[in-house]
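J.: Letter by letter, the chains look like this.
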Amino acid sequence: MCGIAGLIHRGKSSNVGSELQGMLQALKHRGEDSTGYALYGDTDGKNFIMRFKVGENVGEGSSSVMEDVSVYDERKKIVDETLTEMGAKIVKEERTLPYSLRYEIDYNVKDLLEFSQRIESIPGVEILSMGKSLEVIKDLGNAKMVCDRYSLDKVVGTHAIGHARMATESGVDIKSAHPFWGYPFSDVSVVHNGQLTNYWNNRRVLENKGMRFMSECDSELIAVYLAEKMRDGATLEEGMKASLTGLDGVFTYFVATKDSLGMAKDTMAAKPLVLYESDDLVAMGSEEIAIRSVLPQEIDTYDPFDGEVKVWQI
Amino acid sequence: MANLKTVTKKSKAQSMGMHTEVLTGRTQQKFFNPDEAENFYYFGTYDVDFNKRTDLDVKDMTAPEANKEIDNLMSQGYGTIVIKNPQGKHSLGVGILNKLNLIFEGSLGYFGMGSCDGPIVRINGRVGWSCAENLMAGKVVIEKNAGSCFGAAIRGGDLICKGSVGARTGIDMKGGTIIIGGDAGAFTGFMMQRGRIIILGDVGINLGDSMYDGTIFVGGEIGSYGSDAVDAELTSSDQDWLKRKLKVAEIGENFDVSKMKKIVAGKKLWNYDNLEPTEKKGAI
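Chains as they are written, first to last, in my numbering: chain A, 1 to 314; chain B, 1 to 284.
Chain A extracted, bound-state conformation (with noise of 0.2 angstroms):
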């Protein structure tokens, strides 16, 4: 089934960590395989922040394997040295749980997608965003689990997409689990409710022109199908309008730039969502019950119609 949520302050800063821990929280009977936060967050800007990943979290219908935390050591020494072979500086690290870091990076980028090629080379490392300001951080477990084990109830910022994730069409794992990066592109991130079925056919394409996908989650096409659009010179919502027909099946989905937010439902509407929009602030998710619980006051939501895409800047 899934869960999806979503907020963005407009002219102002919020502690979006816990208002989107909440959302999603009201949302986990809708799946709490796994939960996963994108978290635009208030920051000088100067520095990249990477999040990324040395091993797996293993839960039922993973392909993957636990390891050994001495493995994710190695990785993450191997990881250190090719950022120094790349020039880029380690201004801070933290290693929240053995297999899951954050990293500010002190480096002037040329091409991200070398740059995401030469770390991800590394056996067992995926990065899960990679940006100015968007953090990625998902795992195993309900909302609140995730966001006490990686203190996100502190996240201070403009705007912030998450995910309840129930498994259907791949594994329990954090690979599989939302939100998606839109790999090449910094602070780009998609949340996805519902079913691709030409997943496979529009994978193979976008794989022959170069994109990448890390997980054989259906969801990943989303976002890897609006990176690719935005290469060749779309715009965002450009991308997304083009999503409606590229994409088949049932699908609403959010993506998150660094400072946008927007959502798009299917011709069919087949997948629910209930908008709320203000001067200030515009927040939406799969049920109702989730924007209560940042506005608990009695106000005015509305389900967005078939084929309708719409982007709000912070």
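All the given hints hold, so there is nothing to weed out.
Using 30 angstroms as the maximum straight-line C-alpha spacing, the simulated DSS-like pairs for lysine-lysine come out as follows:
no., chain 1, residue 1, chain 2, residue 2
1, A, K310, B, K144
2, B, K59, A, K154
3, B, K84, B, K139
4, A, K28, B, K59
5, B, K99, B, K174
6, A, K258, A, K46
7, A, K241, A, K12
8, A, K209, A, K110
9, A, K89, A, K110
10, A, K28, A, K258
11, A, K28, B, K84
12, B, K162, A, K310
13, A, K144, B, K84
14, B, K99, B, K68
15, B, K174, B, K268
16, A, K241, B, K144
17, A, K89, A, K132
18, A, K28, B, K68
19, B, K162, B, K139
20, A, K28, B, K144
21, B, K247, B, K259
22, B, K52, B, K139
23, A, K144, B, K59
Quick caveat, the hints were computed from the structure, so don't treat them as lab data.
Take the given structure of chain A and dock chain B to it, following the hints.
T.: The following block gives chain B in isolation, referenced to the frame of chain A:
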């Protein structure tokens, strides 16, 4: 399955556009003979006094707890119940088989007022997916917007949304009336079998797709017609009925019903299984 056939002499219900076919064989009337009404006991109903009124704050209740408390209040004779702080909870007010004035001071989540028979309900807020699913009788009025599958499979009663509704409104409906003050999404009237839908605003793609019978009235633009949905002539009796219905519904009283479009089933899909392959192609 009932034997279906059309007749030239129309019953009152047929004249009103509720349906066009005649059901023969076993019918519900056999089980609900008015002569035996005094022996009839409707499980789960109570004698209530509409002047006996109370408030119920459900802020800290789960949906089952709130619904049980509504039932408890009806058993005490309360005929008017005001629900405070519904806060978008799912499945509130389901399974009420009683005459009752029920007022929600706020919005409901999914499946609100499902499987009800008889209550008069006003929701001073919004409703989520599948509001009033399987409604048998009564009246449900929503002051704001509604989600998808609004009035799915209703058998009777009036279901009114003053705002806009999502996709698949009136899907599989088998009777009753749905009135929408704003716009409606895709697949409105999908597979409807009886009853009427009135939309004062615009409606999305595939209107009345695979509708078996019944009537849809649209005041605004139509995105596209679904399979077997066709235009029909808007008669003077249609217009009279629309005016009365909108007045009773307290919605669009000054709306010019003479410009509304009337959509019915083309009936090419009737007895689809018995069609020749070439005929099936033409029907879709």
